[in-house]
Amino acid sequence: MKAAIEVRGLGLRYRLYPSAFDRLKQIVAGERKRFYREQWALRDVTFDVAEGRSFGIIGPNGSGKSTLLKVVCDLLAPTEGLVRRRGRLAALLELGAGFNAEYTGRENVFLNASLLGMPREQIERVYPEIVAFSQLADFMDQPVKTYSSGMFVRLAFSVAAHVDPEVLVVDEALAVGDAVFQHRCMKKIADLRARGTTILLVTHDMNALSSLCDEAMWIEEGRVRLVSSPREIVQRYLAWVYENRDSELRISSEVDRSGVLRYGDGRARLERWGVVDETGGATTMLVPGERYEVVLDAAFHADVAEPILGFQIRDPFGRELISMNTTERGTPLPPARAGERLTVRFAFPWPELAETDYSLSPAVASGTQENHTVLDWIDGDVILRSVPTSRVLGLFRPHDVTLAVERRGTEVPRPEGS
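Each step along the sequence shown adds one to the number in the numbering used here, with nothing skipped, and position 246 is 246.
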(Lines of atoms letter the chains of each structure in order from A and count residues from 1; the text may use other names and numbers.)
(Lines give C-alpha, C1' and ligand atoms only; values in the text may rest on other atoms or scores of the structure.)
Protein backbone atom coordinates (compact mmCIF):
# COMPACT_ATOMS: atom_id res chain seq x y z
CA MET A 1 0.00 0.00 0.00
CA LYS A 2 1.36 3.42 -1.00
CA ALA A 3 2.08 6.05 1.61
CA ALA A 4 0.13 9.29 1.22
CA ILE A 5 2.45 10.94 3.75
CA GLU A 6 6.06 9.93 4.41
CA VAL A 7 8.08 11.60 7.15
CA ARG A 8 11.73 10.68 7.60
CA GLY A 9 14.14 11.92 10.26
CA LEU A 10 12.27 15.20 10.57
CA GLY A 11 13.77 17.92 12.74
CA LEU A 12 12.92 21.59 13.28
CA ARG A 13 15.28 23.87 15.17
CA TYR A 14 14.66 27.40 16.38
CA ARG A 15 17.25 29.97 17.39
CA LEU A 16 16.26 31.74 20.59
CA TYR A 17 17.89 35.12 21.21
CA PRO A 18 17.91 36.78 24.65
CA SER A 19 17.15 40.15 23.02
CA ALA A 20 16.72 41.86 19.67
CA PHE A 21 20.21 43.33 20.08
CA ASP A 22 21.69 39.82 20.27
CA ARG A 23 19.92 39.00 17.02
CA LEU A 24 21.60 42.05 15.45
CA LYS A 25 25.00 41.01 16.84
CA GLN A 26 24.50 37.56 15.30
CA ILE A 27 23.91 39.12 11.88
CA VAL A 28 27.15 41.10 12.21
CA ALA A 29 29.22 38.22 13.62
CA GLY A 30 27.91 35.60 11.21
CA GLU A 31 28.81 32.10 12.36
CA ARG A 32 32.04 33.15 14.10
CA LYS A 33 30.25 33.53 17.42
CA ARG A 34 26.90 32.32 18.74
CA PHE A 35 24.52 34.74 20.48
CA TYR A 36 21.60 32.36 20.64
CA ARG A 37 20.63 29.02 22.08
CA GLU A 38 19.10 26.21 20.05
CA GLN A 39 15.67 24.82 20.73
CA TRP A 40 14.57 21.72 18.83
CA ALA A 41 10.79 21.72 18.40
CA LEU A 42 10.96 18.39 16.52
CA ARG A 43 13.75 15.82 16.37
CA ASP A 44 14.12 12.57 14.45
CA VAL A 45 10.39 12.19 13.70
CA THR A 46 9.64 9.29 11.35
CA PHE A 47 6.28 7.80 10.38
CA ASP A 48 4.10 6.89 7.37
CA VAL A 49 0.40 7.36 6.68
CA ALA A 50 -0.85 4.89 4.08
CA GLU A 51 -3.31 6.02 1.42
CA GLY A 52 -6.88 5.82 2.64
CA ARG A 53 -5.86 5.34 6.27
CA SER A 54 -6.49 7.56 9.27
CA PHE A 55 -3.53 8.45 11.49
CA GLY A 56 -3.93 10.14 14.89
CA ILE A 57 -1.35 12.10 16.85
CA ILE A 58 -1.58 12.62 20.58
CA GLY A 59 0.67 14.19 23.19
CA PRO A 60 0.78 16.84 25.92
CA ASN A 61 0.59 20.55 25.19
CA GLY A 62 3.86 21.86 23.82
CA SER A 63 5.00 18.47 22.54
CA GLY A 64 5.27 19.61 18.90
CA LYS A 65 2.03 18.21 17.45
CA SER A 66 0.83 21.40 15.77
CA THR A 67 4.34 22.27 14.61
CA LEU A 68 4.59 18.85 12.98
CA LEU A 69 1.37 19.42 11.06
CA LYS A 70 2.64 22.78 9.81
CA VAL A 71 5.78 21.10 8.47
CA VAL A 72 3.69 18.38 6.81
CA CYS A 73 1.56 21.12 5.19
CA ASP A 74 4.65 23.05 3.97
CA LEU A 75 3.93 26.02 6.22
CA LEU A 76 7.27 25.54 8.00
CA ALA A 77 10.53 24.37 6.45
CA PRO A 78 12.28 21.57 8.37
CA THR A 79 15.86 21.96 9.56
CA GLU A 80 16.58 18.35 8.72
CA GLY A 81 14.80 15.32 7.28
CA LEU A 82 12.10 15.27 4.64
CA VAL A 83 8.36 15.08 4.05
CA ARG A 84 6.71 13.53 0.98
CA ARG A 85 3.01 13.93 0.23
CA ARG A 86 0.78 12.50 -2.47
CA GLY A 87 -2.62 13.87 -3.41
CA ARG A 88 -4.56 17.09 -2.92
CA LEU A 89 -4.26 18.22 0.69
CA ALA A 90 -6.75 20.26 2.70
CA ALA A 91 -5.82 21.41 6.18
CA LEU A 92 -7.58 22.87 9.20
CA LEU A 93 -4.90 24.22 11.49
CA GLU A 94 -5.03 27.11 13.97
CA LEU A 95 -7.63 29.85 13.68
CA GLY A 96 -6.91 32.23 10.82
CA ALA A 97 -4.77 29.92 8.70
CA GLY A 98 -5.56 30.46 5.02
CA PHE A 99 -8.25 33.11 5.56
CA ASN A 100 -8.23 36.88 4.99
CA ALA A 101 -9.97 38.62 7.87
CA GLU A 102 -11.01 41.55 5.68
CA TYR A 103 -12.79 39.33 3.14
CA THR A 104 -16.33 38.11 3.54
CA GLY A 105 -17.16 34.50 4.26
CA ARG A 106 -18.18 34.02 0.63
CA GLU A 107 -14.92 35.51 -0.67
CA ASN A 108 -12.88 33.37 1.69
CA VAL A 109 -14.62 30.21 0.53
CA PHE A 110 -13.66 30.91 -3.08
CA LEU A 111 -10.15 32.04 -2.11
CA ASN A 112 -9.42 29.08 0.12
CA ALA A 113 -10.91 26.48 -2.20
CA SER A 114 -9.01 27.89 -5.20
CA LEU A 115 -5.75 27.77 -3.23
CA LEU A 116 -6.49 24.07 -2.67
CA GLY A 117 -6.64 23.58 -6.43
CA MET A 118 -10.38 23.51 -7.02
CA PRO A 119 -11.57 25.25 -10.24
CA ARG A 120 -14.14 28.03 -9.86
CA GLU A 121 -16.98 26.16 -11.53
CA GLN A 122 -16.53 23.29 -9.09
CA ILE A 123 -16.42 25.71 -6.15
CA GLU A 124 -19.71 27.19 -7.33
CA ARG A 125 -21.26 23.71 -7.38
CA VAL A 126 -20.20 22.83 -3.82
CA TYR A 127 -20.71 26.32 -2.39
CA PRO A 128 -24.32 25.65 -1.27
CA GLU A 129 -23.15 22.47 0.52
CA ILE A 130 -20.36 24.40 2.28
CA VAL A 131 -22.80 27.07 3.45
CA ALA A 132 -25.39 24.50 4.57
CA PHE A 133 -22.82 22.49 6.55
CA SER A 134 -21.42 25.59 8.25
CA GLN A 135 -24.92 26.92 9.05
CA LEU A 136 -23.66 30.44 8.35
CA ALA A 137 -26.00 31.43 5.52
CA ASP A 138 -26.91 34.72 7.21
CA PHE A 139 -23.27 35.71 7.65
CA MET A 140 -21.58 34.76 4.38
CA ASP A 141 -21.49 38.36 3.13
CA GLN A 142 -19.98 39.70 6.36
CA PRO A 143 -16.20 40.09 6.87
CA VAL A 144 -14.84 37.10 8.77
CA LYS A 145 -13.16 39.50 11.21
CA THR A 146 -16.67 39.90 12.67
CA TYR A 147 -17.01 36.13 13.20
CA SER A 148 -16.67 34.45 16.56
CA SER A 149 -14.00 31.78 16.88
CA GLY A 150 -16.69 29.09 16.65
CA MET A 151 -18.10 30.56 13.44
CA PHE A 152 -14.61 30.79 12.02
CA VAL A 153 -13.93 27.12 12.66
CA ARG A 154 -17.29 26.10 11.20
CA LEU A 155 -16.52 27.85 7.94
CA ALA A 156 -12.90 26.65 7.77
CA PHE A 157 -13.83 23.02 8.37
CA SER A 158 -16.73 23.19 5.92
CA VAL A 159 -14.37 24.35 3.16
CA ALA A 160 -11.69 21.77 3.99
CA ALA A 161 -14.21 18.92 4.06
CA HIS A 162 -15.96 19.81 0.80
CA VAL A 163 -13.05 20.42 -1.59
CA ASP A 164 -12.81 16.68 -2.22
CA PRO A 165 -9.42 16.31 -0.48
CA GLU A 166 -7.30 13.23 -0.98
CA VAL A 167 -5.49 14.08 2.27
CA LEU A 168 -7.21 15.91 5.15
CA VAL A 169 -5.08 17.34 7.98
CA VAL A 170 -6.99 18.46 11.09
CA ASP A 171 -5.49 20.09 14.18
CA GLU A 172 -7.17 20.64 17.55
CA ALA A 173 -9.01 23.69 16.18
CA LEU A 174 -12.27 21.69 16.24
CA ALA A 175 -12.24 21.97 20.02
CA VAL A 176 -13.27 25.61 19.60
CA GLY A 177 -16.62 24.70 18.03
CA ASP A 178 -19.77 23.90 19.97
CA ALA A 179 -20.68 20.32 20.86
CA VAL A 180 -23.26 19.94 18.07
CA PHE A 181 -20.83 21.06 15.40
CA GLN A 182 -18.05 18.86 16.82
CA HIS A 183 -20.33 15.84 16.43
CA ARG A 184 -21.12 16.82 12.85
CA CYS A 185 -17.40 17.27 12.12
CA MET A 186 -16.56 13.85 13.50
CA LYS A 187 -19.34 12.32 11.39
CA LYS A 188 -17.98 14.11 8.31
CA ILE A 189 -14.44 12.88 9.03
CA ALA A 190 -15.79 9.35 9.39
CA ASP A 191 -17.59 9.71 6.04
CA LEU A 192 -14.42 10.96 4.33
CA ARG A 193 -12.50 8.10 5.87
CA ALA A 194 -15.05 5.62 4.51
CA ARG A 195 -14.63 7.15 1.04
CA GLY A 196 -10.86 6.55 1.13
CA THR A 197 -9.59 9.99 2.16
CA THR A 198 -6.28 9.88 4.02
CA ILE A 199 -6.63 11.64 7.37
CA LEU A 200 -3.97 13.06 9.68
CA LEU A 201 -5.59 14.11 12.95
CA VAL A 202 -4.23 15.78 16.08
CA THR A 203 -6.56 15.41 19.06
CA HIS A 204 -6.80 15.15 22.83
CA ASP A 205 -10.07 13.23 22.52
CA MET A 206 -9.35 9.58 23.33
CA ASN A 207 -12.71 8.45 21.92
CA ALA A 208 -12.03 10.24 18.61
CA LEU A 209 -8.58 8.69 18.43
CA SER A 210 -9.99 5.23 19.10
CA SER A 211 -12.97 5.42 16.77
CA LEU A 212 -11.57 7.42 13.83
CA CYS A 213 -7.98 6.26 13.52
CA ASP A 214 -6.37 3.12 12.12
CA GLU A 215 -2.97 3.93 13.64
CA ALA A 216 -1.70 6.49 16.12
CA MET A 217 1.47 8.17 17.35
CA TRP A 218 2.37 9.56 20.74
CA ILE A 219 4.76 12.51 20.56
CA GLU A 220 6.50 14.08 23.55
CA GLU A 221 9.02 16.93 23.66
CA GLY A 222 9.29 16.86 19.88
CA ARG A 223 10.20 13.17 19.66
CA VAL A 224 8.19 10.09 18.78
CA ARG A 225 7.45 8.10 21.90
CA LEU A 226 5.43 5.33 20.25
CA VAL A 227 3.67 4.44 16.99
CA SER A 228 1.09 1.68 17.41
CA SER A 229 -2.62 0.86 17.38
CA PRO A 230 -4.95 3.53 18.83
CA ARG A 231 -5.85 1.14 21.64
CA GLU A 232 -2.26 0.71 22.80
CA ILE A 233 -1.50 4.41 22.38
CA VAL A 234 -4.49 5.37 24.54
CA GLN A 235 -3.57 2.79 27.19
CA ARG A 236 0.05 3.84 27.46
CA TYR A 237 -0.61 7.56 27.18
CA LEU A 238 -3.18 7.48 29.99
CA ALA A 239 -0.74 5.52 32.14
CA TRP A 240 1.91 8.17 31.42
CA VAL A 241 -0.52 10.98 32.26
CA TYR A 242 -1.20 9.45 35.68
CA GLU A 243 2.48 8.75 36.22
CA ASN A 244 3.41 12.31 35.29
CA ARG A 245 0.64 13.85 37.40
CA ASP A 246 1.47 11.76 40.44
CA SER A 247 5.21 11.38 39.88
CA GLU A 248 6.01 11.87 43.56
CA LEU A 249 4.10 8.65 44.27
CA ARG A 250 6.28 6.67 41.85
CA ILE A 251 3.50 5.18 39.80
CA SER A 252 4.78 2.15 37.91
CA SER A 253 3.39 0.41 34.86
CA GLU A 254 3.79 -3.11 33.61
CA VAL A 255 2.58 -5.26 30.74
CA ASP A 256 1.60 -8.84 31.53
CA ARG A 257 2.01 -11.85 29.25
CA SER A 258 -1.26 -11.19 27.44
CA GLY A 259 -0.23 -7.64 26.60
CA VAL A 260 -2.55 -5.99 29.15
CA LEU A 261 -1.26 -2.74 30.62
CA ARG A 262 -1.39 -2.36 34.41
CA TYR A 263 -0.33 0.68 36.39
CA GLY A 264 -0.70 2.34 39.79
CA ASP A 265 1.33 3.50 42.79
CA GLY A 266 1.08 0.10 44.54
CA ARG A 267 -0.63 1.15 47.78
CA ALA A 268 -3.43 -1.25 46.81
CA ARG A 269 -3.62 -4.19 44.43
CA LEU A 270 -6.59 -5.77 42.72
CA GLU A 271 -6.57 -9.46 43.59
CA ARG A 272 -9.80 -10.58 41.86
CA TRP A 273 -12.06 -9.04 39.25
CA GLY A 274 -14.67 -10.19 36.74
CA VAL A 275 -18.36 -10.72 36.08
CA VAL A 276 -20.64 -13.28 37.74
CA ASP A 277 -24.21 -14.24 36.88
CA GLU A 278 -27.17 -14.66 39.25
CA THR A 279 -25.98 -18.15 40.26
CA GLY A 280 -22.62 -16.74 41.32
CA GLY A 281 -20.72 -18.34 38.47
CA ALA A 282 -18.10 -16.43 36.52
CA THR A 283 -19.13 -15.55 32.96
CA THR A 284 -18.08 -13.48 29.98
CA MET A 285 -21.22 -14.09 27.86
CA LEU A 286 -23.81 -11.49 28.80
CA VAL A 287 -27.46 -11.59 27.76
CA PRO A 288 -29.27 -8.22 27.66
CA GLY A 289 -31.87 -7.84 30.40
CA GLU A 290 -30.29 -10.39 32.75
CA ARG A 291 -28.61 -9.19 35.94
CA TYR A 292 -24.89 -9.55 36.51
CA GLU A 293 -22.37 -8.42 39.08
CA VAL A 294 -18.98 -6.87 38.43
CA VAL A 295 -16.92 -8.07 41.38
CA LEU A 296 -13.76 -6.23 42.47
CA ASP A 297 -11.54 -7.48 45.29
CA ALA A 298 -8.67 -5.20 46.40
CA ALA A 299 -5.89 -5.75 48.96
CA PHE A 300 -4.46 -2.63 50.62
CA HIS A 301 -0.74 -2.47 51.36
CA ALA A 302 -0.87 1.01 52.95
CA ASP A 303 -3.42 3.18 54.74
CA VAL A 304 -5.75 4.87 52.23
CA ALA A 305 -8.07 7.57 53.56
CA GLU A 306 -10.49 7.76 50.61
CA PRO A 307 -10.52 4.50 48.64
CA ILE A 308 -12.49 4.24 45.40
CA LEU A 309 -13.24 1.02 43.49
CA GLY A 310 -14.73 1.04 40.02
CA PHE A 311 -14.55 -0.13 36.43
CA GLN A 312 -14.98 0.89 32.80
CA ILE A 313 -16.45 -1.07 29.91
CA ARG A 314 -15.32 -0.09 26.42
CA ASP A 315 -16.33 -1.12 22.93
CA PRO A 316 -13.87 -2.60 20.38
CA PHE A 317 -12.84 0.92 19.32
CA GLY A 318 -11.89 1.83 22.87
CA ARG A 319 -14.88 4.11 23.39
CA GLU A 320 -16.09 4.24 26.98
CA LEU A 321 -19.66 2.90 27.24
CA ILE A 322 -20.14 2.19 30.95
CA SER A 323 -18.25 3.67 33.87
CA MET A 324 -19.08 3.11 37.54
CA ASN A 325 -17.30 3.59 40.84
CA THR A 326 -18.24 3.66 44.50
CA THR A 327 -18.01 7.45 44.75
CA GLU A 328 -20.04 8.09 41.60
CA ARG A 329 -22.75 5.70 42.87
CA GLY A 330 -23.04 7.68 46.13
CA THR A 331 -21.42 4.99 48.28
CA PRO A 332 -18.14 6.43 49.60
CA LEU A 333 -15.96 3.75 51.18
CA PRO A 334 -14.55 4.04 54.70
CA PRO A 335 -10.79 4.50 55.12
CA ALA A 336 -8.82 1.32 54.43
CA ARG A 337 -5.88 0.23 56.55
CA ALA A 338 -2.80 -1.65 55.47
CA GLY A 339 -3.52 -5.38 55.40
CA GLU A 340 -7.26 -4.98 54.80
CA ARG A 341 -9.21 -6.25 51.81
CA LEU A 342 -12.29 -4.73 50.26
CA THR A 343 -14.76 -6.51 47.98
CA VAL A 344 -17.24 -4.42 46.01
CA ARG A 345 -20.08 -5.77 43.85
CA PHE A 346 -21.84 -3.67 41.22
CA ALA A 347 -25.11 -5.37 40.26
CA PHE A 348 -27.10 -4.23 37.23
CA PRO A 349 -28.98 -5.61 34.21
CA TRP A 350 -26.83 -5.91 31.11
CA PRO A 351 -28.04 -3.33 28.55
CA GLU A 352 -29.09 -4.31 25.03
CA LEU A 353 -25.72 -3.69 23.46
CA ALA A 354 -24.89 -4.84 19.94
CA GLU A 355 -23.38 -8.31 19.58
CA THR A 356 -19.62 -7.81 19.77
CA ASP A 357 -16.76 -7.94 22.28
CA TYR A 358 -16.36 -5.39 25.08
CA SER A 359 -13.46 -4.96 27.49
CA LEU A 360 -13.62 -4.59 31.27
CA SER A 361 -11.03 -2.38 33.00
CA PRO A 362 -11.12 -2.60 36.83
CA ALA A 363 -9.43 -0.01 39.06
CA VAL A 364 -8.80 1.05 42.63
CA ALA A 365 -7.94 4.67 43.43
CA SER A 366 -7.65 7.15 46.28
CA GLY A 367 -9.23 10.59 46.54
CA THR A 368 -12.32 12.14 45.03
CA GLN A 369 -14.12 11.81 41.71
CA GLU A 370 -12.49 15.01 40.46
CA ASN A 371 -9.04 14.57 41.99
CA HIS A 372 -7.73 11.07 42.60
CA THR A 373 -4.62 8.94 42.38
CA VAL A 374 -4.61 5.55 40.67
CA LEU A 375 -3.49 2.76 43.00
CA ASP A 376 -4.05 -0.09 40.54
CA TRP A 377 -5.58 -0.04 37.05
CA ILE A 378 -5.82 -3.06 34.74
CA ASP A 379 -6.65 -1.92 31.23
CA GLY A 380 -9.03 -4.15 29.27
CA ASP A 381 -8.07 -7.41 30.94
CA VAL A 382 -11.47 -9.16 30.67
CA ILE A 383 -13.25 -9.52 27.32
CA LEU A 384 -17.04 -9.68 27.56
CA ARG A 385 -19.39 -10.76 24.79
CA SER A 386 -22.85 -9.25 24.45
CA VAL A 387 -25.31 -11.85 23.10
CA PRO A 388 -28.67 -10.18 22.44
CA THR A 389 -31.58 -12.45 21.55
CA SER A 390 -32.43 -10.29 18.53
CA ARG A 391 -30.46 -7.98 16.30
CA VAL A 392 -29.54 -4.61 17.81
CA LEU A 393 -29.26 -1.76 15.31
CA GLY A 394 -26.64 0.77 16.33
CA LEU A 395 -24.66 0.49 19.55
CA PHE A 396 -27.60 -0.31 21.82
CA ARG A 397 -31.38 -0.65 21.97
CA PRO A 398 -33.10 1.61 24.52
CA HIS A 399 -35.69 0.18 26.93
CA ASP A 400 -39.30 1.25 27.48
CA VAL A 401 -39.73 2.67 24.00
CA THR A 402 -43.28 3.60 23.06
CA LEU A 403 -44.37 3.97 19.48
CA ALA A 404 -47.36 6.02 18.37
CA VAL A 405 -48.69 6.21 14.82
CA GLU A 406 -51.21 8.82 13.78
CA ARG A 407 -52.84 8.63 10.43
CA ARG A 408 -54.73 11.50 8.86
CA GLY A 409 -56.92 11.46 5.82
CA THR A 410 -56.34 14.07 3.14
CA GLU A 411 -59.09 15.35 0.91
CA VAL A 412 -58.03 15.79 -2.68
CA PRO A 413 -59.33 19.17 -3.93
CA ARG A 414 -61.75 18.93 -6.85
CA PRO A 415 -61.17 20.94 -10.03
CA GLU A 416 -63.14 24.13 -10.24
CA GLY A 417 -66.48 23.80 -11.97
CA SER A 418 -66.86 20.09 -11.25
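Possibly wrong hints are sitting among the right ones.
In the DSSO-like style, the derived pairs of lysine-lysine whose C-alpha atoms are separated by at most 30 Å in a straight line are [what the hints assert, rightly or not]:
| # | residue 1 | residue 2 |
| --- | --- | --- |
| 1 | K33 | K145 |
| 2 | K188 | K145 |
| 3 | K2 | K188 |
| 4 | K188 | K33 |
| 5 | K33 | K2 |
| 6 | K70 | K2 |
Here are the computed distance ranges between Cβ atoms for each label pair [what the hints assert, rightly or not]:
| # | residue 1 | residue 2 | range |
| --- | --- | --- | --- |
| 7 | R291 | R269 | 26 to 36 Å |
| 8 | R329 | E107 | 23 to 33 Å |
| 9 | P316 | L24 | 55 to 65 Å |
| 10 | P128 | A101 | 17 to 27 Å |
Simulated from the structure, these hints should not be mistaken for lab results.
This structure is a prediction, so every number in the text was calculated from the model and none was measured.
Glycine included, every Cβ here is placed at the ideal spot set by N, Cα and C.
Evaluation of the provided hints:
1. K33 to K145: violated, 44 Å
2. K188 to K145: Status holds; Cα separation ~26 Å.
3. K2 to K188: holds, 24 Å
4. K188 to K33: violated, 53 Å
5. K33 to K2: violated, 46 Å
6. K70 to K2: holds, 22 Å
7. R291 to R269: 26 to 36 Å: The hint (26 to 36 Å, Cβ to Cβ) holds, given that R291 and R269 are roughly 28 Å apart.
8. R329 to E107: 23 to 33 Å: Violated, since R329 and E107 (Cβ atoms, about 55 Å apart) do not stay within the stated range.
9. P316 to L24: 55 to 65 Å: holds, 59 Å
10. P128 to A101: 17 to 27 Å: holds, 24 Å
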